[in-house]
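There are 2 protein chains.
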Amino acid sequence: MGNNEGLGKLYLIPIELGNVEVEQYQPQRTLELLGRLRYYVVENARTARRYLSRSVPGLDISSLTIYELDKHQGYSYPREEVMELLRQGEDVGVMSEAGCPGVADPGHRVVIDCHRAGMRVVPLVGPSSILLSLMASGFNGQYFTFYGYLPHDRASRRQQLLECQRRVLDKGETQIFIEAPYRNDQLIRELCDLLSPTLCLSVAVDLTTSEEEITTLPLSIWSKRLKGGLSYHKRPAIFLLGREDD
Amino acid sequence: MGNNEGLGKLYLIPIELGNVEVEQYQPQRTLELLGRLRYYVVENARTARRYLSRSVPGLDISSLTIYELDKHQGYSYPREEVMELLRQGEDVGVMSEAGCPGVADPGHRVVIDCHRAGMRVVPLVGPSSILLSLMASGFNGQYFTFYGYLPHDRASRRQQLLECQRRVLDKGETQIFIEAPYRNDQLIRELCDLLSPTLCLSVAVDLTTSEEEITTLPLSIWSKRLKGGLSYHKRPAIFLLGREDD
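Order-wise, the sequence lines are chains W and C.
Residue numbering for the first sequence follows my numbering, beginning at 1 and increasing consecutively.
Residue numbering for the second sequence follows my numbering, beginning at 1 and increasing consecutively.
Derived from the structure by calculation, the hints contain no laboratory data.
There's no promise every hint is true.
As the list makes no split between identical chains, a pair holds if one copy fits it or if it spans any two.
[As the list claims (entries may be wrong)] The calculated DMTMM-like cross-link candidates involving lysine to aspartate or glutamate, where the alpha carbons are at most 20 Å apart (straight line), are:
hint, residue 1, residue 2
1, Lys224, Glu5
2, Lys227, Asp185
3, Lys234, Asp91
4, Lys171, Glu43
5, Lys9, Glu211
6, Lys9, Glu43
7, Lys71, Glu23
Note that the structure is a prediction, hence the values are computed from the model and not measured.
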């Protein structure tokens with residue numbers, strides 16, 4: 001609905017999760033788009049430039065206008081300038097530092113502004129650790145919740161994890177969360193100590209890269225593996241609690 | 001962990017959501033994989049064959065072995081045969097009828113069996129209506145729940161929707177669900193009648209295709225548009241309730 005003829009479009013561009021060639025995860029049409037776009041709103045201008053020059057051979061990076069989301073100001077960006085470009089019919093791309101803009105990553109403010117101004121928002125296919133790990137966990141994909149980071153505070157964290165367990169056991173709902181990578185091993189230990197040993201944990205590490213490891217096991221076995229020296233220290237990981245249905 | 005050298009891999013292959021060219025959503029490496037795989041577990045063999053012959057020019061479809069998930073038997077499949085192939089080092093692909101296998105679609109049983117047998121499960125990047133609509137809604141992507149289909153029963157449905165509203169208002173959690181496409185307009189009307197007019201609804205229709213429409217508006221405005229004749233009748237849609245953060 002709404003007449004958005006003549007206006008620019010806001011393209012939401014997912015990018016790589018780790019060190020892989022662009023043909024592994026980026027459809028050909030998106031690569032063509034990246035060769036064409038002249039305006040971006042991004043989480044970090046320097047890494048966005050580096051990403052674009054690596055992914056699109058021959059691209060003249062100096063011809064691009066790149067706006068940053070200001071993380072110290074609630075991910076604000078030069079709204080008036082960007083909206084004016086769109087009104088003039090220029091297309092604008094949004095990129096975060098990894099994965100999908102707006103999903104466990106900044107970008108949703110730009111999207112809301114575009115909806116309000118009647119601009120077309122076009123989400124592009126690309127890697128999301130949430131979705132890839134959910135597919136590969138084998139857990140219930142009909143009913144799931146993503147929580148982002150667990151609370152840091154010990155009591156709220158404990159309460160949150162017990163609530164997660166209850167939701168898996170009562171309703172079969174898959175529970176998905178993330179953690180700072182230097183605390184991965186600590187988190188797995190915490191899950192083993194706190195929750196039922198029969199509950200299943202899936203950990204997906206270094207998704208889409210040649211180092212990818214995706215493992216779904218009952219907590220009782222994770223506990224043994226930790227004792228045996230298993231470590232995911234500082235590797236990008238995502239965690240899922242769920243039930244193995246038979 | 002686990003020694004899976006010499007074993008085959010289970011590839012989870014997302015496919016198109018609607019009528020678009022394969023270069024729009026399928027990375028080059030996935031197209032190469034589709035040219036190489038000889039064994040599949042799929043939701044429907046006939047449409048899988050049709051998909052593969054359309055997407056991979058020159059592929060000899062008759063050389064493929066395609067197993068079906070039996071929806072009348074809880075999506076069972078010839079487990080022993082498929083596991084034996086993987087043990088012998090053959091790679092196997094899993095495809096559903098649209099989008100990502102195992103996410104709001106069958107396939108998770110095969111995945112669980114592979115984890116148990118120590119096979120590597122490799123999720124590939126591709127289109128998911130859940131993820132694309134979440135990115136494009138502008139709603140909270142740090143905290144969201146996907147419910148699948150809403151209950152049919154009037155009372156449980158009402159209760160579920162009021163609970164969704166509470167979770168948006170209390171915690172800013174984005175609520176995502178689907179509906180049979182012939183009931184899209186009815187569902188939007190129901191949401192307008194039951195929930196607060198200031199609550200925001202995002203509807204994403206015909207995602208990834210040239211007919212794509214993604215609209216985020218307060219329910220008060222959806223209500224006016226319905227009266228003005230808006231209809232998404234029989235078009236594939238996904239629904240999100242959320243909050244426009246400022």
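Looking at the structure, which of the earlier hints fail to hold?
1, 3, 4 and 7
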